[in-house]
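Chemist: Given next are the chains, with one letter for each unit.
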Amino acid sequence: DVKVTQSSRYLVKRTGEKVFLECVQDMDHENMFWYRQDPGLGLRLIYFSYDVKMKEKGDIPEGYSVSREKKERFSLILESASTNQTSMYLCASSALGAGVFNEQFFGPGTRLTVL
Amino acid sequence: AQKITQTQPGMFVQEKEAVTLDCTYDTSDQSYGLFWYKQPSSGEMIFLIYQGSYDEQNATEGRYSLNFQKARKSANLVISASQLGDSAMYFCAMSPPEGGTSYGKLTFGQGTILTVHP
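Order-wise, the sequence lines are chains A and B. Using this note's numbering, read the first sequence as starting at 16 and increasing by one per residue. Using this note's numbering, read the second sequence as starting at 68 and increasing by one per residue.
No wet-lab data here; the hints were simulated from the structure. Treat the hints with care, since some could be wrong.
As the list claims (entries may be wrong) - Below, computed lysine to aspartate or glutamate pairings styled on DMTMM-like, alpha-carbon distance capped at 25 Å:
#: 1; chain 1: A; residue 1: K18; chain 2: B; residue 2: D96
#: 2; chain 1: A; residue 1: K18; chain 2: A; residue 2: E37
#: 3; chain 1: A; residue 1: K28; chain 2: A; residue 2: D66
#: 4; chain 1: A; residue 1: K18; chain 2: A; residue 2: E77
#: 5; chain 1: A; residue 1: K85; chain 2: A; residue 2: D53
#: 6; chain 1: A; residue 1: K72; chain 2: B; residue 2: E111
#: 7; chain 1: A; residue 1: K18; chain 2: B; residue 2: D153
#: 8; chain 1: A; residue 1: K28; chain 2: B; residue 2: E111
#: 9; chain 1: B; residue 1: K70; chain 2: A; residue 2: D53
#: 10; chain 1: B; residue 1: K137; chain 2: A; residue 2: E118
#: 11; chain 1: A; residue 1: K68; chain 2: A; residue 2: E94
#: 12; chain 1: A; residue 1: K85; chain 2: B; residue 2: D96
#: 13; chain 1: A; residue 1: K68; chain 2: A; residue 2: D53
#: 14; chain 1: B; residue 1: K70; chain 2: A; residue 2: E71
#: 15; chain 1: B; residue 1: K140; chain 2: B; residue 2: E82
#: 16; chain 1: A; residue 1: K70; chain 2: A; residue 2: E118
#: 17; chain 1: A; residue 1: K33; chain 2: A; residue 2: D74
#: 18; chain 1: B; residue 1: K140; chain 2: A; residue 2: D43
#: 19; chain 1: A; residue 1: K68; chain 2: A; residue 2: E118
#: 20; chain 1: A; residue 1: K72; chain 2: A; residue 2: E118
#: 21; chain 1: A; residue 1: K72; chain 2: B; residue 2: D153
#: 22; chain 1: B; residue 1: K70; chain 2: B; residue 2: D93
#: 23; chain 1: B; residue 1: K70; chain 2: A; residue 2: E118
#: 24; chain 1: A; residue 1: K18; chain 2: A; residue 2: E71
#: 25; chain 1: A; residue 1: K70; chain 2: A; residue 2: E37
#: 26; chain 1: A; residue 1: K85; chain 2: A; residue 2: D74
#: 27; chain 1: A; residue 1: K86; chain 2: B; residue 2: E111
#: 28; chain 1: A; residue 1: K18; chain 2: B; residue 2: E128
#: 29; chain 1: A; residue 1: K33; chain 2: A; residue 2: E71
#: 30; chain 1: A; residue 1: K68; chain 2: A; residue 2: E37
#: 31; chain 1: A; residue 1: K28; chain 2: A; residue 2: E45
#: 32; chain 1: B; residue 1: K140; chain 2: A; residue 2: D74
#: 33; chain 1: A; residue 1: K72; chain 2: A; residue 2: D43
#: 34; chain 1: B; residue 1: K70; chain 2: A; residue 2: D74
#: 35; chain 1: A; residue 1: K72; chain 2: B; residue 2: D96
#: 36; chain 1: B; residue 1: K70; chain 2: A; residue 2: E77
Unchecked claim - Where chain B lies over chain A, by a calculated footprint (3+ residues, C-beta under 8 Å):
#: 37; segment: 36-42
#: 38; segment: 56-67
#: 39; segment: 118-130
Because the structure is a prediction, the values reported are computed rather than measured. We treat Cβ as the ideally placed atom computed from N, Cα and C, and that holds for glycine.
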């Protein structure tokens, strides 16, 4: 059974803390994505990666960074968490070369609260 | 740039009735894909159905069908015989043509919350 896992379902952090969100996929996918989901705004792409050590900014990268040292793992880093980063974070992966049918497989999400 | 619009923040339907969730899109690409995902309250995103821009027939998957009207740039999801378990958030999404810097990115709409009443 294919799977994308995220390190935490719920996380509470303090303003100014450095926060790491981890995502692991077991499908040998090249592409990995980080989204944040907010009511009324849908899913917005933060960063994505198409290969190990490669990363590209999405639509809302400010305040975030990412790391992909291994193909199966994609980490989202909040360098100094702020209250406006309280949100649901979703990780996804997809295969390279699937054409327009590039179905993304999602993790269960991490609900982050920054106090 | 691609854009997806879901104009219905919330929809209600009676159990066993059919319901249509609206999705319109904007793109200048000729080749693209359209997806629908379901997100129950537990949070995971579940892929439901896909339609390619060159597919001549509307996609169907069990109780789900995609009403694809290319000229109107709409890709509405039709759920037949609604069940209580269909209550969830539904997202419409779009993929760009393969190649270039697309890297499999999807553009998502705002979502529609569907509530099925017994």
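Chemist: Verify the proposed pairing of A:K18 with B:D153, using a straight-line Cα cut of 25 Å.
Modeler: holds (23 Å)
Chemist: Keeping to a limit of 25 Å between CA atoms, is the pair of B:K70 and A:E77 held or broken?
Modeler: Roughly 21 Å separates the two Cα atoms, so the pair holds.
Chemist: Has the given pair, A:K18 with A:E37, been kept, meaning a C-alpha gap of at most 25 Å?
Modeler: Judged against 25 Å, a Cα distance of about 14 Å means the pair holds.
Chemist: Regarding the pair A:K68 and A:E37, is the alpha-carbon distance no greater than 25 Å?
Modeler: At roughly 15 Å apart (the allowed maximum being 25 Å), A:E37 and A:K68 satisfy the hint.
Chemist: Within 25 Å, alpha carbon to alpha carbon, are A:K68 and A:D53?
Modeler: With Cα atoms ~28 Å apart, A:K68 and A:D53 exceed 25 Å; violated.
Chemist: Please work out if A:K18 and B:D96 have their alpha carbons no farther apart than 25 Å.
Modeler: violated (31 Å)
Chemist: Within the segment 36-42 of chain A, is the number of residues with a Cβ closer than 8 Å to a Cβ of chain B three or more?
Modeler: violated (count 0)
Chemist: Can you confirm whether the C-alpha distance between A:K70 and A:E118 stays at or below 25 Å?
Modeler: holds (19 Å)
Chemist: A:K72 and B:E111: Cα distance at most 25 Å?
Modeler: holds (24 Å)
Chemist: Given the proposed pairing of A:K28 with B:E111, does the C-alpha separation stay at or below 25 Å?
Modeler: holds (22 Å)
Chemist: Go check the segment 56-67 of chain A versus chain B for me, would you? Three or more residues, Cβ under 8 Å, otherwise it fails.
Modeler: Check passed, 7 qualifying residues.
Chemist: Has the given pair, A:K33 with A:D74, been kept, meaning a C-alpha gap of at most 25 Å?
Modeler: Roughly 22 Å between the alpha carbons, so the hint for A:K33 and A:D74 holds.
Hints 1, 3, 4, 5, 12, 13, 15, 18, 21, 31, 37 from the earlier list are contradicted by this structure; the remaining hints agree with it.
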